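A.B. asks: Hints are included, so try docking the two chains, each in its own frame, into the full complex.
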Amino acid sequence: GAVVSQHPSRVICKSGTSVKIECRSLDFQATTMFWYRQFPKKSLMLMATSNEGSKATYEQGVEKDKFLINHASLTLSTLTVTSAHPEDSSFYICSARESGRPNTEAFFGQGTRLTVV
Amino acid sequence: SQKIEQNSEALNIQEGKTATLTCNYTNYSPAYLQWYRQDPGRGPVFLLLIRENEKEKRKERLKVTFDTTLKQSLFHITASQPADSATYLCALDEANTGKLIFGQGTTLQVKP
Numbered sequence: 001g002a003v004v005s006q007h008p009s010r011v012i013c014k015s016g017t018s019v020k021i022e023c024r025s026l027d028f029q030a031t032t033m034f035w036y037r038q039f040p041k042k043s044l045m046l047m048a049t050s051n052e053g054s055k056a057t058y059e060q061g062v063e064k065d066k067f068l069i070n071h072a073s074l075t076l077s078t079l080t081v082t083s084a085h086p087e088d089s090s091f092y093i094c095s096a097r098e099s100g101r102p103n104t105e106a107f108f109g110q111g112t113r114l115t116v117v
Numbered sequence: 118s119q120k121i122e123q124n125s126e127a128l129n130i131q132e133g134k135t136a137t138l139t140c141n142y143t144n145y146s147p148a149y150l151q152w153y154r155q156d157p158g159r160g161p162v163f164l165l166l167i168r169e170n171e172k173e174k175r176k177e178r179l180k181v182t183f184d185t186t187l188k189q190s191l192f193h194i195t196a197s198q199p200a201d202s203a204t205y206l207c208a209l210d211e212a213n214t215g216k217l218i219f220g221q222g223t224t225l226q227v228k229p
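Same order as they appear, the protein sequences are chains R and G. Letter by letter, the first sequence follows residues 1 to 117 of my numbering. Letter by letter, the second sequence follows residues 118 to 229 of my numbering.
Keep in mind the hints are simulated off the structure, nothing from the lab. Note that the coordinates shown come from a computational prediction; the quantities given were computed from them, not determined experimentally. Every residue gets a Cβ at the ideal spot worked out from N, C-alpha and C, and that includes glycine. Don't take each hint at face value.
Here are some chain R residues the structure puts well away from chain G; computed CB gaps all over 12 Å [as the list claims (entries may be wrong)]: (1) 9; (2) 17; (3) 40; (4) 49; (5) 72; (6) 73; (7) 78; (8) 80; (9) 93; (10) 95; (11) 113; (12) 116.
Computed from the model, here is a short list of chain G residues facing chain R with C-beta under 7 Å [as the list claims (entries may be wrong)]: (13) 154; (14) 157; (15) 161; (16) 163; (17) 166; (18) 170; (19) 187; (20) 212; (21) 215; (22) 219.
With a cut-off of at most 25 Å between alpha-carbon atoms, the simulated DSS-like pairs for lysine-lysine come out as follows [what the hints assert, rightly or not]: (23) G:216 - R:42; (24) R:64 - G:172; (25) G:216 - G:134; (26) G:188 - G:120; (27) R:41 - G:216.
Chain G with its partners taken away, still in its complex shape (with noise of 0.2 Å):
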């Protein structure tokens, strides 16, 4: 069966230091796979998109890779601060419906 991955269990750093949270994927070929942030009691808020063409993408802060043979991704957020502080999630478009299946998402607390 299909399945996507997250860290289950909530991710606690020192402010500063850098978070890396795994996805990983059985069942899927994506041609793409995408990072959501997500606030309690909001909807989720896009962050970046990674094609499997790319190895690595960076938006400020943030770096994501893709690594297709080991079905997985990873997010990185370096130097952070408690504002980092929500939960993420993977997200794999089911093929040709546009439909975006997301994992279960890893909570982050950034601690001052």
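If we strip away everything but chain R, and leave its shape as in the complex, we get (with noise of 0.2 Å):
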């Protein structure tokens, strides 16, 4: 099946500092990708739909300052916590599909677990 890379697994930083996480779809191209956010025993909270090549549409209530995505190419989606504090730790995964394949299944990255200290 198709694979999505993360990319850190795990990162601690400080506070203050920012973080920027890799998604990339490694045998498809995706013009899509979308990011999660998951705290521990909770669901996935999706928080934002990367665009490949114009910006990305944030779900109600992040911040997209906080949170900047970048979708450069059809098989890279970035994501950078900036100015990272203590509760922005979480886990973040990102997902793909892909293109011209919108009602199939969604491929997830291996996640990226974040402590800001």
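C.D. replies: Here you go:
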């Protein structure tokens, strides 16, 4: 099956610094990728939709200046958590579907565990 | 408001038994519904997709049903094994957006 690679899998950063998380589709093209956040024992909360070549669209309540998304190519989307604070500590997961096949399964990255100290 | 609800409590069963998980939704009219498995500290993995015109779908020991009148999907694992222990998530597409919206998941524990 298709593979989505997310990096890093774990990161610890100091308050006030920024962290970049990469999401790559390895064997397919994805014009759209999705970023989720997951709290312990909770479901995935959709944060934003990353659109190749255009601005990301954010879900209600998600600060676009805090969570910067860039989708520079058909295989790469990045999420930057800016000026991170301890409350940003969470599990972040990206997903993608093959371009031109919207009504099919989504492929997920391995997730990134962010800890802000 | 739109909701996707799964068994909120963990499900504990004995090895060899059938596990049945439920997913109910309100204020959605999905053309299809999906089930995923998530292990701790990992991203979800796709299991099955069922379309609105399909009543049932099977894949090895897995079976999914979809009742658009009841607005419910059931997910069955037959002859369960300890390796089936994980959290299972149902998901719906938000109409014409490509976004997948997830239920809160049900954690299944299969005891040997």
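A.B. asks: Does each hint hold? Answer for all of them.
C.D. replies: Comparing the hints with the structure gives:
no., hint, result
1, 9, "violated (9 Å)"
2, 17, "holds (23 Å)"
3, 40, "violated (10 Å)"
4, 49, "violated (6 Å)"
5, 72, "holds (19 Å)"
6, 73, "holds (18 Å)"
7, 78, "holds (17 Å)"
8, 80, "holds (19 Å)"
9, 93, "violated (5 Å)"
10, 95, "violated (7 Å)"
11, 113, "violated (7 Å)"
12, 116, "holds (18 Å)"
13, 154, "violated (11 Å)"
14, 157, "violated (10 Å)"
15, 161, "holds (5 Å)"
16, 163, "holds (4 Å)"
17, 166, "holds (6 Å)"
18, 170, "violated (13 Å)"
19, 187, "violated (22 Å)"
20, 212, "violated (11 Å)"
21, 215, "holds (5 Å)"
22, 219, "holds (5 Å)"
23, G:216 - R:42, "holds (18 Å)"
24, R:64 - G:172, "violated (41 Å)"
25, G:216 - G:134, "violated (34 Å)"
26, G:188 - G:120, "holds (11 Å)"
27, R:41 - G:216, "holds (22 Å)"
Violated hints, listed in ascending order, are 1, 3, 4, 9, 10, 11, 13, 14, 18, 19, 20, 24 and 25; each of the other numbered hints is respected by the structure.
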